[in-house]
Amino acid sequence: MKLFPSLPLAEWVEALVDWLTNADLLFEAIEMLISFILTALQTVMEVVPIPVFIIGIPLLTFFFAGRKIGLTIFVFLGLFLIDNLGFWEDMLIMLSLVLAATIISVVVGIPLGIWMSKSNTVEMIMKPILDFMQTLPQFVYLIPAVAFFGIGMEPGVIASVIFGMPPTIRLTNLGIREVSTEVIEAADAFGSTPSQKLYKVQLPMARTTIMAGVNQTIMLSLSMVVIASMIGADGLGDIVYAAVGRNDVGSGFEAGIAIVIVAIILDRLTSGFQLKQKKK
Amino acid sequence: MTKIRVEDLTKVFGKKPQRALSLLKENKTKGEILEATGLTVGVNKASFDVNEGEVFVIMGLSGSGKSTLVRLLNRLIEPTSGAVYLDDKNLAEMDEKTLRTVRRRDMSMVFQNFGLFPFRSIQSNVEFGLEIQGLGREERTQKAIEALKLVGLEGYENMLPDELSGGMQQRVGLARALANDPEILLMDEAFSALDPLIRKDMQDELLDLQQTMKRTIIFITHDLDEALRIGDRITIMKDGAIVQIGTPEEILTNPANNYVEKFVEDVDRSKVYTAQNVMARPESVQPEREGPRVALQRMRQSGISSIYAIRRDRELLGIVHASELSKLVDEGKDDFSEVIRTDVPRVELHTPVSEVIDIITDSSVPAAVVQDGKLRGIIIRSSVLSALSGKEVNLDETISESTSS
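Those protein sequences? They're chains A and B, same order as listed. Note that the UniProt record's numbering numbers the first sequence so that position 106 is 106, with each residue one more than the last. Note that the UniProt record's numbering numbers the second sequence so that position 63 is 63, with each residue one more than the last.
Hints may be right or wrong, so weigh each one.
Computed list of lysine-lysine pairs in BS3-like fashion (alpha-carbon distance at most 27 Å, straight line) [claimed, not checked]:
(1) A:K200 <-> B:K15
(2) B:K25 <-> A:K197
(3) A:K200 <-> B:K25
(4) A:K197 <-> A:K127
(5) B:K89 <-> A:K118
(6) B:K45 <-> A:K127
(7) B:K15 <-> B:K3
(8) B:K89 <-> B:K3
(9) A:K200 <-> B:K3
(10) A:K68 <-> A:K118
(11) B:K238 <-> B:K45
(12) A:K197 <-> B:K238
(13) B:K200 <-> A:K197
(14) B:K25 <-> A:K118
In case anyone wonders, no lab produced these hints; they're calculated from the structure.
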């Protein structure tokens, strides 16, 4: 027999979620915005002919990621392989999910990070929330996401944002706080207003750190694609999920490889961008 | 004219700093206050005036509150109490906007580790202050290039700070401060991060620049040699309080207490003292109205073997030796101008003693200290030595006054 009755935590959360569904209008607006972003991204990417993609992305990698011949060839072969396996369409859908999640994470996360860096109180409150967002098993996000947004791509994006945004917030905060006091003093001593200080000194100084955060966000969003497919998100993740369901090792591996290729390309491209900033 | 007047400026670090103020009024020490309240006294009731166009050095060991003090002046650190008057405006009570204007126009700061923006080119670093003020691109560029020229960095406009040496980076820092054309320069340990040779060059250059630009400079340093070299007046701080304010010579010769004395002990005096401080009242003869017998008589009285010959207006002619004078007397001649030797060691009033030493070691006669060609004093080896050992220096002008009268 238990000494204390167990707390009805599950009921509380359910009650909260129930209550939140009342704010239907807000969620509908968010859903519309996300689906607009998704459609826009997909349309843009589908307009580009596949050969242009397969040749253009390696070139981009070459010039942005430190002129590495090997990497460039890898990117070319990787993209070629994805097309060859017939995953191109799915890859674009997955990419639009990842990019949409990244865009939202950056747009929301960087200002939050800036706010956090300006105030110790905000930092104190945000830190445990961020820890919570990152350590809660990813699957748990799916439940409220479905509750608020139904199934499909949009809740997938939402779940990816929640899981992927913390690094951007954290590293924006860190990057700004890391700027040496003397440089900040210099900005102040010459009579900068707070916004001049932010835009002319703090953000440029923190840029590489912030980019590292964005890179992490992209990677985390990518890691969400298979999970998001459980609530109806299409794309490569869905193929993997379906393969798991059918115990189909072959096609699961194919799609898995395709995801890895995309992950490597995105990682090298964004971290290459970081490097370039540093050198400059 | 007083440019900055600081009155009872106090900074206490910690929560509820007011608690420490009443204790400070009771003249409790920094340590006692820390024990009683847990608060750290950064600056303790500092009061001083800085005159327009002077180099005012604030010196102290690390932890003495000197860097805090300079930041209280432009309010990078908010004062706990006290006032800073710039002309007649109290900076300590200014609102943000007025304060920004003062920072933009009246005061610029140079930092110990340069505080340059690594992602901006040299020129764009120098332009920063002007950019903040909202000046147009052309005017900015023009002023930045002028400032860079002033510090001898033409041709480096498009480089990045990392690509320059420490000395050059600090020149950029100086140029950035000068580009705003401020009346006041705050220099926080500006040369301390540089190696000794470069530091000396920078000190000289600052002094050269100061000759023409005549800014009011408040210079923070922990290095007494540096303070003595560039300061018109020096303030010594300890535990946040001002221990002594005075000219370099006053501080050296008349240390206010043991603390200052300890500081001053190791200083290389030969670099601080000038010929003026170690010279003695000269014996002299005037060949225009005095003959060899008078000269010999005067030498006998003071027990010397040579004497300087001067005109009535004290213009230095040269030196005569006793042996040659007695020869003239034996020959019955009344005029000794022919035996005056003109190749005498001459130094100026402001020649540093270190240079004087080189001159007199090679010479058998005392060195003549001249000003506009007129004899003001002589330097013999023993007086140099006693000055270097920390005794007997002529601080006042009395000796040179009496010799010229």
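To see whether the hints hold, each was checked on the structure:
no. : hint              : result
1   : A:K200 <-> B:K15  : violated (32 Å)
2   : B:K25 <-> A:K197  : violated (38 Å)
3   : A:K200 <-> B:K25  : violated (43 Å)
4   : A:K197 <-> A:K127 : holds (24 Å)
5   : B:K89 <-> A:K118  : violated (30 Å)
6   : B:K45 <-> A:K127  : violated (41 Å)
7   : B:K15 <-> B:K3    : violated (33 Å)
8   : B:K89 <-> B:K3    : holds (11 Å)
9   : A:K200 <-> B:K3   : violated (32 Å)
10  : A:K68 <-> A:K118  : violated (39 Å)
11  : B:K238 <-> B:K45  : holds (12 Å)
12  : A:K197 <-> B:K238 : violated (34 Å)
13  : B:K200 <-> A:K197 : violated (34 Å)
14  : B:K25 <-> A:K118  : violated (35 Å)
The structure does not agree with the numbered hints 1, 2, 3, 5, 6, 7, 9, 10, 12, 13, 14 stated previously, though it agrees with the rest.
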